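Quick one: dock chain against chain with the hints and give me the complex.
Take a look at the letters that make up each chain.
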Amino acid sequence: MRPKLSLLSPDLIERIIDEGMQLLMDPGVRVHNEEALRLLEEAGAAVDRTTQVARIPEAIVRRALATAPPAFDLYSLDGEPVVHYGGDAVHFDPGSAGVAILDSATQTQRPPVTADFVRFIKLAEMLPQIDAQSTAMVCRDVPEEIGDLYRLYLVLSYSRKPIVTGAFRKDTFWVMRDLLAAVAGGEEALAARPIAIFDVCPSPPLLWSDLTCQNLIDCARSSIPAELVSMPLAGATAPVTLAGAVVQHTAECLSGVTICQLARPGAPIVWGGSPAAFDMREGTPPMGDVGTWMIDCAYAEVGKALNLPTHAYLGMSDAKVVDAQCGLESAGGTLLAALAGINMVSGAGMMDFESCLSYEKLVIDAEIIGMAKRLIAGIEAREDPIALTVMRRLGHRADYLAEPHTLRWFAKELYIASPVIDRGSLDSWERKGRKTAFDRARERAEQLVAAYRPAGLADDVRRELRRITVAAARGFGMDELPPLPEG
Amino acid sequence: MENDLLSLIKTTLIDGDPERTATLVQQALSEGLAPLAIVEQGLVPGMTVVGDRFASGEYFLPQLVIAARCMQAAMDILQPELLRRQEAVARAGTVVIGTVKGDIHEIGKNLVATMLSAAGFQVFDLGVNVPGEQFVEKVRETGAQILGLSALLTTTMTEQREVIAALEQAGLRDRVKVIIGGAPVNQRWAESIGADGYAEDAVGAVALARRLLGR
Ligand code: B12
Chain A
1 MRPKLSLLSP DLIERIIDEG MQLLMDPGVR VHNEEALRLL EEAGAAVDRT
51 TQVARIPEAI VRRALATAPP AFDLYSLDGE PVVHYGGDAV HFDPGSAGVA
101 ILDSATQTQR PPVTADFVRF IKLAEMLPQI DAQSTAMVCR DVPEEIGDLY
151 RLYLVLSYSR KPIVTGAFRK DTFWVMRDLL AAVAGGEEAL AARPIAIFDV
201 CPSPPLLWSD LTCQNLIDCA RSSIPAELVS MPLAGATAPV TLAGAVVQHT
251 AECLSGVTIC QLARPGAPIV WGGSPAAFDM REGTPPMGDV GTWMIDCAYA
301 EVGKALNLPT HAYLGMSDAK VVDAQCGLES AGGTLLAALA GINMVSGAGM
351 MDFESCLSYE KLVIDAEIIG MAKRLIAGIE AREDPIALTV MRRLGHRADY
401 LAEPHTLRWF AKELYIASPV IDRGSLDSWE RKGRKTAFDR ARERAEQLVA
451 AYRPAGLADD VRRELRRITV AAARGFGMDE LPPLPEG
Chain B
488 MENDLLSLIK TTLIDGDPER TATLVQQALS EGLAPLAIVE QGLVPGMTVV
538 GDRFASGEYF LPQLVIAARC MQAAMDILQP ELLRRQEAVA RAGTVVIGTV
588 KGDIHEIGKN LVATMLSAAG FQVFDLGVNV PGEQFVEKVR ETGAQILGLS
638 ALLTTTMTEQ REVIAALEQA GLRDRVKVII GGAPVNQRWA ESIGADGYAE
688 DAVGAVALAR RLLGR
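So the protein lines, in turn, are chains A and B.
Going by this note's numbering, the residue at position 178 of the first sequence is 178; the numbering climbs one at a time, nothing skipped.
Every position in the second sequence, counted from 1, becomes a number in this note's numbering once 487 is added.
Extracted from the complex, chain B is given alone in its bound form (with noise of 0.2 Å):
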């Protein structure tokens, strides 16, 4: 009876329906299932099936994407019901994530954050032209074990240098790490100033962070 509901979940977030995935976890919730068994036995499964089949090739981006929205749908629901728990679910990791000031490229930056959050890191993602000390206030206000600054274009690569030095000066430094990129950075570009890693796409992206956190 359970298993039923939880395995319909896990099917309905591999055929993409975000509304569905939310009503029936709502139905779930009501019904006294846990929402750690929703997330661990429902949710988890069924974006690990949509992250493999993606990688093989059987899947684009689009079935990728609306996945990570039903999983959202879904922790948007359970988040308030663990916290009155006290439970939490186990991450990844927390990551903080944005395109730098002056630019406004998002989409490799985006699809670096929906790359993350499908395997399970806990992605803040603020935007577009985001100034220093929003990504400062950010990884202060959430802990953040990792800092993702993209940039696209060359008068603006030099903007990640500038956040670096932020965090220095407001002494966070050394509790998180910087990971960088976008079309005109490489990894001598992140070692000059300073970032812990350069991924050149989204997937390396999600290798990069677990590497940084040892994981």
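Just chain A, with the same shape it has in the complex (with noise of 0.2 Å):
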């Protein structure tokens, strides 16, 4: 049996909807791109151009929830379908957007440069817990014009897993189309199986910005997924109980699979986002409290209940070095995020809010990711009988080790935890110079990097890409870009 976690009760999920349908009438929802708002009025919305509120019927909201994909796949740059957005899958995928890389050596953060993000990307590629790479940071020594895009020409450069992204810019989107189009085989093979998926954010409360609308409508028109990442802030730009944030969210992203279907009907878009139960003492969105959490696994219920694909940021931690604090907050989130049965999991290796990623932290967490992807693999009776026959077999002898049964199943049973979990004796931990989980990380990190071996792209599909980068930084002033490191 699958463990499933619940928070809501149907009654509560249908009361969520329709609360939510509701907002989308009155206040509306502030749509600041033009062709967002025409498409909402063609289709039958009341748009008010001064204030550019649109007020959008439950019937326009329900057609497009008829017409949104239930399920897709992201495919490997090997063409392989490796992560299921639908029902209840759980994938893993790193923070995304940082500004800052926590330093290894000094533990303290820095602003993140090319080989900073390359050693994070080659680190992400070799852990098997990580299901898909995302462009985890902003790399601050190309201009800061391309930050978005230069962040995916690397991740395609090393990396052969599917991506997590995001445009920061509308003409940006443009370039990293033809980035992942150039790797895909062209335009029409990328639609057809796309490796990559763009996250757009609403603002909260019920606002569409120009450009985040923009980049959801042109996924659609491209047959990019879109990834609907809603971050209501309970209690600072959404109300404090959190059924209430979860009723802002429905809203926000109702709005967002409308204007995506709009766009274009069946277009491939996951009910997603990054809320946080707002601290009122330091006035901060904390990722490793319970009530982000239980905001989170709760508005992923109610966008199975629509059956639409869901994505949540889950998985980090606030704390500002690999400590206590990080272990727990990240254990904490990861293991709900897999029992709610959330399709995509953004979050590993990213702490202090959404600022900064740490390879440590990314180690660590691959092997919460491990243990939470054996949690929900559940307990099956494996035989029949389940154990009567090795148990007579061996009456009253504690001879398990030795034994064929212990041999068939020890590896599909139990979970195998990397060295970076200490389980040997005190003595040995001593022996080995009494090592803390993050000096066991950091080794583990330095071994699997120099384990990495390079992506294996195409030497003209390499230069492409590297010649469309190129042309997007010469626009900013930029006329060569830093040398790739090895690999």
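Simulated from the structure, these hints should not be mistaken for laboratory data.
One or more hints might be untrue.
[Said to hold, decoys possible] Quick list of in silico lysine to aspartate or glutamate cross-link-like pairs, DMTMM-like style, CA-CA up to 25 Å: (1) B:LYS588 / B:GLU624; (2) A:LYS320 / B:GLU624; (3) A:LYS320 / B:ASP688.
[What the hints assert, rightly or not] Distance windows between CB atoms, simulated: (4) A:ASP141 / B:ALA694: 26 to 34 Å; (5) B:GLU628 / A:GLN325: 40 to 48 Å; (6) B:ALA652 / A:VAL290: 39 to 47 Å.
All of these numbers come straight from a predicted model, not from anything done at the bench.
C-beta: ideal position from N, C-alpha, C; glycine also.
Next comes the structure, spelled out in structure tokens:
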């Protein structure tokens, strides 16, 4: 049996969806994008051009929900459908768009450069628990204006895994689309077998900025999957009651699904988010808070009730170093996300709200993810009878290590942790130098990065990626890109 | 008798009831209390208590923010009256603040603005996605001593530099101290774009503003 977390009664889910629908009529959604306003108006929404508020009747939203696909796949660069968005499938990718890297040697934050991100990509590539890459950090050794597409360029150059990404501008989306098409073998091939998904964030409460709205429409038109990242901050930009925050999330996502489906019916769209229960002392959006986890898991239930694929930012920590707080917050969010059956869980390796990434945290989070995946694989009988045969054969002897039954099942039944998790004796731990989890994670990160093998992109594709990126960089006054690290 | 009303205004502000604060302030005015006395013996002592309780962890942001709203509601009533009498409340200074063009992150900027007003600054908050010219215009109009620029994106932090350039162009750079903040920003960035200061949070922003004005 697959263990499942449920936080909302069916009745509460209905009321949440109903109130979400009602909000789309009154007060309506602010849409700061001409094209979206036109689409909504043509579909029958009441649009006020001066306030840019659209009031969207439920019937239009219901039609959009009916054309939104309940499931789709993301493909690896080898053409394998490795991420399934839909049902209760659960996958993990690192947190994205960080503005800092936790330096391994000094354990302090600094702005990331190309070499940092490439190292991070290699590490994520080598960790089997991590299902997809994300454009995890914004490199500061290239012009800010190409920060979004440059991240994608690096991931495509070093990884085979599907990618969770996003654009920071309207024009750069098209460059990013070109990069993806170059690797996928053209725009049609990309549409047929998407290798990346774009995060698009409405702004709480009930606003679609011009940029994100255009990204959403452009994704739909290009058949590139989009992930709605609605982030009510309970008590700051949204009602403080957890259910109230989920209502706001529902309304924002419903408006997103509607705009997406009006742009192109059938375009893949994901019910996602990054909400937080606002910290009333510090004024921060804590990602490791129990209230945050609950809002996430609850909105995922709403998304499932609407038969849509789901996403959440979970498994992050607000700690500034990789310490006990970091471990406990990451574990809590990750385990709950798995139990909630969220299709894509973004956040591994991320800390200090959503600002900073750490190699060591990524390595430790991979262990948490491994355990979470084991947890939701559940407990099965495996044999029939379950234990009678083997226990009767052994009688009262404790000789299970030598049993073929053990050999047959142990690797399937037990999660085999990496040496990051210390399970040796006190003696051996002291002999090895009393290393902390951080020390062990740093060593493992070094080993994994050293063992990384090149992604195997064809030379002409590699050249094309560089050509597209250099052309974009030239537009912003940078003639040469930083040299790419080996590998 | 007077003192009762003033201490009632103080406790109403501490309890966080903007409507009642406004009503009481109205009442105090019509009973002939001096506007300055209402501010200095009612509102400010109340705000000090709230600030202390927030600092000690007894109060949380909602209490702080709603107290600032009480203050605002009271000042809306008192300001015309003060003007009429040509009196002025002693202010810590005047601040223009906003989130730069292309950026709509507002929570941090709002907190900084709230803390600054709670600390006695007069704050003009221009909101989010504010074009450079608008900052310049408001600084000119208000004669603000401090300009606060918030940016949360690596793509918009460069806009902080543009605003400083625009101030220079307008010949206003010497008249105003520019302070900056936001997640991707740090002290080094502040120095490199010629800002006068950087603070990592709202409490730091107040200390910074005070220091820059030599208070
Ligand atoms: C909440 C949030 C949003 C909300 C904002 C809601 C709102 N109404 O403000 C929404 C959903 C709208 C949003 C949108 C986007 N966001 Co956003 N967002 C955040 C998040 C999670 C928290 C920001 C926040 O409110 N923090 C809490 C406050 C209290 O902290 P603060 O803002 O830092 O402010 C404090 C200090 O910095 C300082 N301070 C701030 N301003 C000032 C000014 C002065 C003068 C001084 C002295 C001090 C000071 O004092 C404040 C109080 O202590 C951050 C993550 C992060 N760690 O910052 C991402 C983050 C900033 N966002 C990010 C991104 C990418 C986006 C989008 C581009 C996403 C998209 N593709 O759609 C859009 C951008 C839209 C736009 N054009 O602006 C990235 C930036 C990445 C980068 N490299 O630039 C971040 C880092 C998250 C991430 N890793 O992906 N976001």
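Hints, one by one, checked against the model:
1. B:LYS588 / B:GLU624: Judged against 25 Å, a Cα distance of about 15 Å means the pair holds.
2. A:LYS320 / B:GLU624: violated, 39 Å
3. A:LYS320 / B:ASP688: Distance of about 15 Å is within 25 Å: holds.
4. A:ASP141 / B:ALA694: 26 to 34 Å: holds, 33 Å
5. B:GLU628 / A:GLN325: 40 to 48 Å: holds, 46 Å
6. B:ALA652 / A:VAL290: 39 to 47 Å: holds, 46 Å
In the structure shown, a violation is registered for the earlier hint numbered 2 alone.
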